[in-house]
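Below are the chains, spelled out letter by letter.
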Amino acid sequence: MTDGGMPVGTARKRPSRTIDTERLVLAVGGPALALAVAIALTSAVLLVSGRSPVEPYVLMVEYAANADIQVLIVNQATTYYIAALAVAVGFRMNLFNIGVDGQYRLAAMIAAVAGAAVTLPPVLHVLFIMLVAVLVGAFWAGIAGLLKTSRGVSEVVSTIMLNAIATSIIAFLVLPDQFGEQRGNNLTTGEIPRSGWFPNLDAGPGGEIYGFIVVAALLGLVYWVVLNRTRFGFDLRATGASPSAAAASGVDAKRMVFTSMVISGGVAGLAGMPVLLGDSHTYSLVFPAGIGFTGITIALLGRNHPLGIALGALLIAFLDKASATLDYNGYEKEIATIMQGLIVIAVVVSYEAVRRYGLRRQQQRVGEELAAQSGAHHQNLSKGASA
Amino acid sequence: MHAIVGENGAGKSTLMKILYGMQRPDEGTIAVDGEQVALHSPADAIDRGIGMVHQHFMLADNLTVLENTVLGSEHLYGIGGRARARIREISEAYGLGVRPDALVEDLGVADRQRVEILKVLFRGARTLILDEPTAVLVPQEVDALFANLRELKAEGLTVIFISHKLGEVLSVADEITVIRRGTTVASVDPGDVTTRQLAELMVGSELPSPETRESTVGDTPVLTVSGLTLHTRDAEHGQRTVLDDVSLTIREGEVLGLAGVEGNGQTELIDALIGTRHADAGTIRLSGEDVTRWATRRRREGGVGYIPEDRHRHGLLLDAPLWENRVLGHVTEKPNSNGFLLTPKAARADTERIVESYDVRTPGIDVTAGSLSGGNQQKLIVGREMSHHPRFLIAAHPTRGVDVGAQAQIWDQIRAARREGLAVLLISADLDELIGLSDTLRVMYRGRLVADADPATITPEELGTAMTGAASGHLEHESPSPAEPAAPREEPRAAGPEAGDGREENDA
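If you read the protein sequences in the order shown, they are chains L and F.
For the first sequence, our numbering begins at -1 and goes up steadily by one.
For the second sequence, our numbering begins at -16 and goes up steadily by one.
Read the hints as simulated data drawn from the structure, not as lab findings.
Be aware that one or more of the hints could be misleading.
Stated by the list, open to error - No more than 35 Å apart at the CA atoms, straight line, and that leaves these computed lysine-lysine pairs for DSBU-like:
| hint | chain 1 | residue 1 | chain 2 | residue 2 |
| --- | --- | --- | --- | --- |
| 1 | F | LYS317 | L | LYS252 |
| 2 | F | LYS328 | F | LYS317 |
| 3 | L | LYS252 | F | LYS328 |
So that you can see chain F by itself, here it is in the shape it has in the complex:
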């Protein structure tokens, strides 16, 4: 099991694309089983036994697992009984637990990922490439995934996996390659390095040590949600309650972290807060003003910043140039427009400023947003939202798929804005991020806020338990001896949200 780590834009994705035949190398060679190969397309790669599980799942929701699996490889085992038998066989051999006739839309994130892995194995892959497989999983699911991967390894398969979570990389990989700015900077044995050393190799400079943090939580409530309830209707399930009597208050300078397994109402809560869905009951108040019936645009003008969970779907126009993406969401505000007309000149100048001060790595502001790497896209979004000085920021997975350097920067910006009184709702699958950045923690389960916790004492494992619905109420840290558990947590946290400003690397 080989792990590849590196910052966004370091060339991991490009390397993977080349291995998977999606891009052709200018120079150099690839050898599979000692034999030099030229991969012209993913089909070539599949023929050579190389399969890829993408970061964004590529499954058709309205088809079954079986249909998704045979799609495009109908010639292997047909589309009927033989294929079903083969899926069962693979599923059992590697302990994937995949049901061939389940509808993909009914599956959770972890199950979908297993379907993706199965799809690749179904095509006869002997080498699996996994692009940030743990980004969307809770700790328990990560453990299950790693168990699956070890299973694969035991059967003699090769797994190449890309991750930003260095702790995981260390625990699961047999060998680690660190790449930076397009070249290999180190190949290390996981036994020889700590997360901190690994992070330093990635970033290329020493990480700043964690700063002590004082609370900036003020007294004035910025966002007050009470009794928020939302129902959805669909043909299959009839009416379902996706938000059930949700009440919370975020004060100025407070970061409220919301933990929860995806699909437990977080998306709906975000929709209700940004106004793309209107609540069936309950009220939303922004600095005391009732905004429950306000349309999205009015809320955004009123100081609600939004870092969406899916930046491709909700945060960017991928085919539009950067400066138009800077306008998106703030088209009614300066410097983007004056009343009726757009002011492209001012918007462009301001885009230059964002690119500069948020370290968006791009050759210019006329390239399309889609041609930037994920981390740089995210920095652009953060820059855009912060530029309008929001009172309340919805930050959904603000650092998902973002490298360590950019991650630290984004955390920094959120922390800086918080010092100036910004109220933040932080939703994240990265529990270290939640714990490190939040002033208050709440856990969401099946549309309800079931538990709260103090980020100063809680561990990711305890939080993970509450996320599965196994614990509720106020979560107390259980360990009787406080000195012992503090020590091992120090390490992962060093590269975590507490890690001051990551800008060092850019000043160098």
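The shape of chain L in the complex, shown without the other chains:
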């Protein structure tokens, strides 16, 4: 910046820019490659079972052209997005929070009970429910964090176990003897009064989009800013990239593990909110489950980047919702499930392949640039000498 006018300065700038564009190409190349492979493999599965390898895609795309299906997709994606952000916080720190599923369900359940039990003015009521959800999610993930820092228990194991425990706790708490109410065949936690509903956005003939999508988008923004622009985020990323280097740089690794686990759980706690505040207004036996696991897929697919996660969430939500049409047209909607699975495998493989390729490319380029620089340097020298 300071020596922009000097020829040396400009010579130094140019290569870094080409590497940047290349980095962008590589960033997009990974997911694109993964998708192409997943589609090709799904088509292969279809071919082997004697079906048209193309028609299901056409059907799904046509179906998704309907406004109401689009609303469904966007709403589903909102939930997925928050769950995936929660997973991504862990990933950036090299922590595998498989417990997002238990965290969001427990959080939604207790937030629903708390929300139905209090009377508060409109905005406050919603904030109160969200706060409860964040605290419960954070608490549940915090147990895994504490186990890891104090006893060295792998968070993978403990969060899976906590998922199972959460399932049992919810099943217990939702019984009529505790907080539950019998509604026909369903058990619910009682309806949250209107003051605790999050206003939805009118999407015309398609129906209503969860107003919580705004919160989700803000979360994505906050996630990016915190990770990339704050000291805390730098420490977190450094710990994820190299725990030993981070420790030497002054990061308290244990505290970092605990803090990021708590944050991940807090965000996970919000994953149930779009449905709870925007649609069901109660926690019942039919409350969506398994979102946390889908969140892992999406975080992987989106490379832990808020925009990537948004696209990933939309893609998976599209497969979920648009696949309904397959059943009506003689295909099994499980084709979409197969594809989701293949995407995960393809993503893991292709990202690693692209990462390695990128590293090699860069090393080569650095070598070339330096050789070119010193070559020019050399020429100048010999010119100077002959003159």
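For chain L, the structure is supplied; the task is to place chain F on it using the hints.
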């Protein structure tokens, strides 16, 4: 035995990678035994009888020597008795003294290196490539290694070895190739050149002559360590004392050199000083202030600079761009952040400055640290640490794996900071560096400071003896006639730490 010498970034590693099939050449040919070959992978190279011993050992600590050796070549002699017999056979044939059933984590550096050599021979290598094999060894171990290498040579094997220590190269090689900026600049016979001429060939210009040095040691103690004791516990050995009542004082403008065979408590001392491990007893004072209980970050903010012994593990984020690596360790300080938020713009500008003034050779600050050569990575670390004007610098092996040019620069920077009152704890396996740069020398053995010496009179050999625990107390130079031993030492020292500023080469 063929030696390849050259600055870092000169292309030695690239050449070795090509020979070992890790990288493909754009042009040119490789011939093995007169037959032209194309090496696409290390497996190809191994098939052609080319084996490589890397600078960073590639051994699994928790496996035995036998397991490490057969790993990946189980098809040769199986994994049981036959392999064990073969290992014994090789070990005896070349005098390597390797025990197949020892756990690698129990082995010292020199033993590990012999395991690496054995691994390569086990795979049937006839040509051995050794990447800076002596960087981690004490003089006695170096001699033993060279004895092994001569043994190999006598059996008709070819050894290619890369080194920065020109004295060693001259003593052991039959032929020397000097490369600079990617091309061969000279092939010399070791009988025809001196270390100084060799160094000049490498750097491409005349080396500056040694400057006379005056002491800059002040009166004010900067670091005072007293009674520092640290225990570790592990399942196998129970409780061990790794630091035993260590006391030392470093004054402003003083470089205290710590000699010792690796694994005698230096790493633990560094950990205790930087705060990644807390002492069980004793105190650490920084300019009189008790910092014993301070966390690492507070110490770093308080003016402790840190050049770690393993830059890949402790000093850098290899996959992160240079400017983020400039932030690492100083994220709470300007120009990297203001209180809560990072200030990438200022950090980037400052990274440009470091790259410029510390001569880090890189096409830009957005490339990852991992794509730079070792010497340039180290210059970035030194630049980063010096940029925060530390009061006390921990310099662990500051020039390990760094070429002559960069080495001189790093020494220069340490010396310049010392003139301004910096206190330095210098830990190094390079005894010339220790002796040349230090104002005071201490020797560490089994967690204790067992000896001290005056760098003005001590020789590397005498220091090496104390490092093995054979001598203690105050080491006096033994030679009765002072005129004689001074002369031969002049030569290696010319390229050594005393060698003023090596920046000449860059001004050219």
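- Task: State the violated hints by number, sorted upward, taking the hints as numbered earlier in the document.
- Result: Failing hints: none at all.
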